[in-house]
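*Asks:* Each chain is listed here by its residues.
Number of protein chains: 4
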Amino acid sequence: MQIRTDLAMESRDCAAEISGVTSRTLRHDGVEEIQVVIETEEAERALGKPRGKYITLCHPGILHDSAADRMTLARCVSQALTGLLPPFGDLMVVGLGNRHVTADALGSRVVEDMLVTRHMKAVSDAELRGRLRGVCAVAPGVLGITGMETAEMVQGIVEKVRPAAVIAIDALAARDSGRICTTVQITDTGIQPGSGVGNHRRGLTKDTLGVPVIAIGVPMVVYAAVIARDALGLLLSDAGLAETEHEEAMDGLIDRVTKTGLGELVVTPREVDELVGRVARILADGLNMALQPRLSEEEIQLLSHDGL
Amino acid sequence: MQIRTDLAMESRDCAAEISGVTSRTLRHDGVEEIQVVIETEEAERALGKPRGKYITLCHPGILHDSAADRMTLARCVSQALTGLLPPFGDLMVVGLGNRHVTADALGSRVVEDMLVTRHMKAVSDAELRGRLRGVCAVAPGVLGITGMETAEMVQGIVEKVRPAAVIAIDALAARDSGRICTTVQITDTGIQPGSGVGNHRRGLTKDTLGVPVIAIGVPMVVYAAVIARDALGLLLSDAGLAETEHEEAMDGLIDRVTKTGLGELVVTPREVDELVGRVARILADGLNMALQPRLSEEEIQLLSHDGL
Amino acid sequence: MQIRTDLAMESRDCAAEISGVTSRTLRHDGVEEIQVVIETEEAERALGKPRGKYITLCHPGILHDSAADRMTLARCVSQALTGLLPPFGDLMVVGLGNRHVTADALGSRVVEDMLVTRHMKAVSDAELRGRLRGVCAVAPGVLGITGMETAEMVQGIVEKVRPAAVIAIDALAARDSGRICTTVQITDTGIQPGSGVGNHRRGLTKDTLGVPVIAIGVPMVVYAAVIARDALGLLLSDAGLAETEHEEAMDGLIDRVTKTGLGELVVTPREVDELVGRVARILADGLNMALQPRLSEEEIQLLSHDGL
Amino acid sequence: MQIRTDLAMESRDCAAEISGVTSRTLRHDGVEEIQVVIETEEAERALGKPRGKYITLCHPGILHDSAADRMTLARCVSQALTGLLPPFGDLMVVGLGNRHVTADALGSRVVEDMLVTRHMKAVSDAELRGRLRGVCAVAPGVLGITGMETAEMVQGIVEKVRPAAVIAIDALAARDSGRICTTVQITDTGIQPGSGVGNHRRGLTKDTLGVPVIAIGVPMVVYAAVIARDALGLLLSDAGLAETEHEEAMDGLIDRVTKTGLGELVVTPREVDELVGRVARILADGLNMALQPRLSEEEIQLLSHDGL
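Residue numbers (the numbering used here), protein chains in the order written: chain X, 936 to 1243; chain C, 936 to 1243; chain L, 936 to 1243; chain W, 936 to 1243.
One thing to keep in mind: the hints can contain errors.
Any copy will do: because identical chains look the same in the list, a pair fits if it lies in one copy or spans two.
Subject to a maximum C-alpha distance of 20 Å in a straight line, what follows is the list of computed SDA-like cross-link-like pairs (lysine to any residue) [said to hold, decoys possible]: (1) K988 to L1063; (2) K1095 to V1146; (3) K988 to S954; (4) K988 to P1147; (5) K1141 to S954; (6) K988 to M1055; (7) K1141 to E1209; (8) K1141 to R1213; (9) K1095 to E1084; (10) K1095 to I1080; (11) K1095 to G1079; (12) K1141 to L1019; (13) K988 to S1172; (14) K1141 to G965; (15) K988 to R1097; (16) K988 to E1199.
In case anyone wonders, no lab produced these hints; they're calculated from the structure.
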């Protein structure tokens, strides 16, 4: 049983020695930054993740820290993102997921806090206008609500608006509950089919959209099966038994524990409604800084909460 | 001063004798149905409304009536709409307006109650599947929030999804406060530039989208200037004076009364938050019936509130 | 390690043979009804639940069934509740929990759908008025938001309003994930200290409020530790080992698996936002029927969604 | 016809020369502060407002100004409020109005942003704890939703919690549309029966609650009749006619213009949903500063958005 994760760094952990994968870890301002580059087709297959760059920012205590400390993480997001952005042209932020499902609402919450400027070029004061990069943003909703694939809608909009790149925001599923709300993954590989909390069916990539797609994701849930599997794994390892020899038995047990008639069970912090708001704010601050490098942090705070 | 109205029947009232306009009034089930057809370019200019059919359904007491009586109006909406729909092909419902502004949220509220079926063709049971018409729905949001023109986004999506027609839902501004929440206008002319509560800037018409556009609108506000003007008009008429001779003076007075620094003042019922929900439900019921003629009313109620 | 449950029937299951506990199981209309009566102080201690009646209604498939079938469960709720209500006097419905936390919002969602009539005695038409029982409703919020204990606020309001009984609605934590959203517990023992999804600290009982308190609860989460424990228990039992001999080791493992910095992890269906709305509607329908026995089901539907 | 206003300064304007009323006007930081004291029973009757202090803060451009400028108004609110607070004891903030009606939601929105500390005395760190004043907050909802008078509920809660004073927040109706969202009235006379956007029926005063009641209100609407009346008044005055001689005729005209079947029509800015959020934030900032004088502005910002 392959337990699902949307985090490249967790895939890497599961598959320690693979050629074609480089990774390095930096530490600054209390944030751990893990850079993973998947370089070959072979590594792609081994990790189940496409070739490209994956930057993971971790800050375990971030959600209990002060607003000032959270701004630190926002700045790290901004910096990591800046290296992946095209130098010129309008940018489109796409918030994925279902606004009506708390753990899947991260994308649409970030879109609500974005500093949207693309339509402002003609109206703002000239000095400010000269410093704005054009940004538009949309949260298209999920298939069950619209009757349309997200990818289909985004393709149509991208063809009209022709941004230089798309930045897609999504809630992820992780392998380790300690990752929930504490880890940000930024990648230039776009959104893969089947990823995300809500199992969005199709991908959003350079291949499908015709423009570079940068994806930013934060784990909001782990699947309940993970918790059961972890408990069993620890028990076996304490007993000196190898997990690999008991895989089938474990899968059977996990199935019996987590099967319900209610759809998949997810494990999530009790306070997830509040946490998703805080994480959305960190990401929006980070995005606004990266997308508007000629505005000061103060100007961004002012404009993003007061409108232009 | 031209006081703005989005209702063709109000335009017609202002301009009684124009050739090229035909209208007739029916009455059934407590509903007054006014059909206006604007046939010539001359009539188009005189009324400030494009050539086409306008069906207006009025039911003054509808909002205080029982759920059963409201279903009567939903059936009238369904019937009027049915005559304008193409016989085959998928349909796309587009909810216009700003979800975050109560009086402008009608379109997105209707979208939330639509029976969305386009993605269901492969999964439902065969008998039911055979009776479903493909419907998709989207509420793209307004320019100030997305940085993109609604028309731009809808064009892009329509080009991908290729529906047989678009049905656009919008909150309107009327001339007469008695029209608020009691009148439904259905037209095959689409959405005109500058119409709607929120002054959406561009139109959604067959010309811009390449497919027929049916627009459904309900007045949610009148502009405050209307109230001032009405009071003055009555006073003049009571005094035996002709309104037309005092236009300029009146405009000056109205300006002094209604000019504030807060943007346009609108007149709206105090209970507008609740009313918009009721009207949205009537429209969604009417649309679901017209769009799914091979489902019974019971099936529609069941499916639209429980999901498929 | 005592895994927490708010369901008396789960406590009973854990402690099979206790004198002073009677229980019987009925089956009707697809609903399983378990009646547990805790009669002695000894049984109270053994089960960790106060003396009184506990009626548990289970309908595993209820959330996937039709609206008509859901009305069946609402009728069962109504019937069970009717037997516990005082024959005369106004009733107060209290929705517990935190409106801003999805899994804890059940109480406040039910309050929103209640047919509130206490203030209507003077204004409705005489015939209808004669058939209405006075009902008021409040969702006071949680300590962290108000700075006041829920019990403190409810006490103050009850002393002013002097209802004949209080009916408290709460989201529960269960021991078995199969109970989530499929089980309704109704008891005349009130709300116990420390129960509920959000660990409300004080109780709401006849002792604290001075009037009978009927509590209605539905499990919305199980704690993540439960999933880990279940997996381990199954493994041990498959290996022919007794769970009781390995308790300490299991507790250690569970702790290592479920400890995070984010507060307690809960296991919940991915679609909990939608499910809480459906459950709230079933409870509100059941309550409205029990509290207004002289109204027909049609009148209740009409009045509760259209206002009086 | 007495056109209704909840602002004492507007009552004063209508009745220029009354003994027993003193008023003075200050100007600082772009804010106009009008202090009205109603000292005698005679003045009370003439103005239709009870004896006491009324401080009105006006800043016409406030809503278009920067966040920094809005903080200026928050500081003025804090200063005016500080002079009316009892020196010791816990304080209770009561948000009046209907959360589900945008123009009436101000009170409950302010409550959501309050720094609530009463329950924190035992848990915070000692140094911070020593500097906190105990504050609790509640938004009890309106009669039509709860079946209970707001005054009844607040009385009950006050008797349990025994705060040193109540601070009640309410949305007001004004006489002049220029006052909407630009004027804050602070008074030590409490909430008067019949005031507020939603016509709350009973008062909240020292007489009814047994503790001092400070009321803070901001106009969110004017009634549509006001706009009609203003237009007529201007017309008459331009024509050299005295308004007083045509009162009856005017009332008849206004009635014909503004009478609809939808309940009272109100005039409100089209962007009222957004404006109510901005005003709520200004008031919450001002209240938090006044209620926690030993915290710095930075600490208040941090604590009120991150929790304690």
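*Asks:* Does each hint fit the structure? Answer for all of them.
*Replies:* Structure-based check of all given hints:
With identical chains, the CA atoms of K988 and L1063 are never at most 20 Å apart, being 34 Å at best within one copy and 45 Å at best between copies. For the homomeric pair K1095 and V1146, the shortest alpha-carbon distances inside one copy (13 Å) and between copies (17 Å) are both at most 20 Å. For a Cα distance limit of 20 Å, the shortest separation of K988 from S954 inside one copy, 15 Å, qualifies, whereas the shortest one across copies, 65 Å, does not. In the homo-oligomer, the alpha carbons of K988 and P1147 lie at most 20 Å apart inside one protomer (13 Å), although the nearest pairing across protomers, at 45 Å, exceeds that limit.
Proximity of K1141 to S954 under the C-alpha cut-off of 20 Å is found in neither arrangement, the shortest distances being 25 Å within a copy and 56 Å between copies. Taking the shortest Cα distances, K988 and M1055 never come within 20 Å of each other, neither inside one copy (33 Å) nor across copies (36 Å). With identical chains, the CA atoms of K1141 and E1209 are never at most 20 Å apart, being 33 Å at best within one copy and 34 Å at best between copies. With identical chains, the CA atoms of K1141 and R1213 are never at most 20 Å apart, being 30 Å at best within one copy and 40 Å at best between copies.
When the C-alpha separation of K1095 and E1084 is checked against a cutoff of 20 Å, the pair qualifies both within a copy, at 17 Å, and between copies, at 10 Å. Taking the shortest alpha-carbon separations for K1095 and I1080, only the inter-copy value of 18 Å comes in at or below 20 Å, while the best intra-copy value is 23 Å. Taking identical chains as interchangeable, the C-alpha atoms of K1095 and G1079 lie at most 20 Å apart only when they sit on different chains, with a minimum of 18 Å there against 24 Å within one chain. Only within a single protomer do K1141 and L1019 lie at most 20 Å apart by alpha-carbon distance; the minimum there is 13 Å, versus 40 Å between protomers.
Neither within a single protomer nor between protomers do K988 and S1172 lie at most 20 Å apart by alpha-carbon distance, with minima of 33 Å and 46 Å respectively. Taking the closest pair of Cα atoms, K1141 and G965 never come within 20 Å of each other, the shortest separation being 33 Å inside a single copy and 52 Å across copies. In the homo-oligomer, the alpha carbons of K988 and R1097 never lie at most 20 Å apart, since the shortest distance is 24 Å inside one protomer and 36 Å across protomers. When the C-alpha separation of K988 and E1199 is checked against a cutoff of 20 Å, the pair qualifies neither within a copy, at 30 Å, nor between copies, at 33 Å.
The structure is inconsistent with the numbered hints 1, 5, 6, 7, 8, 13, 14, 15, 16, although it conforms to all the rest.
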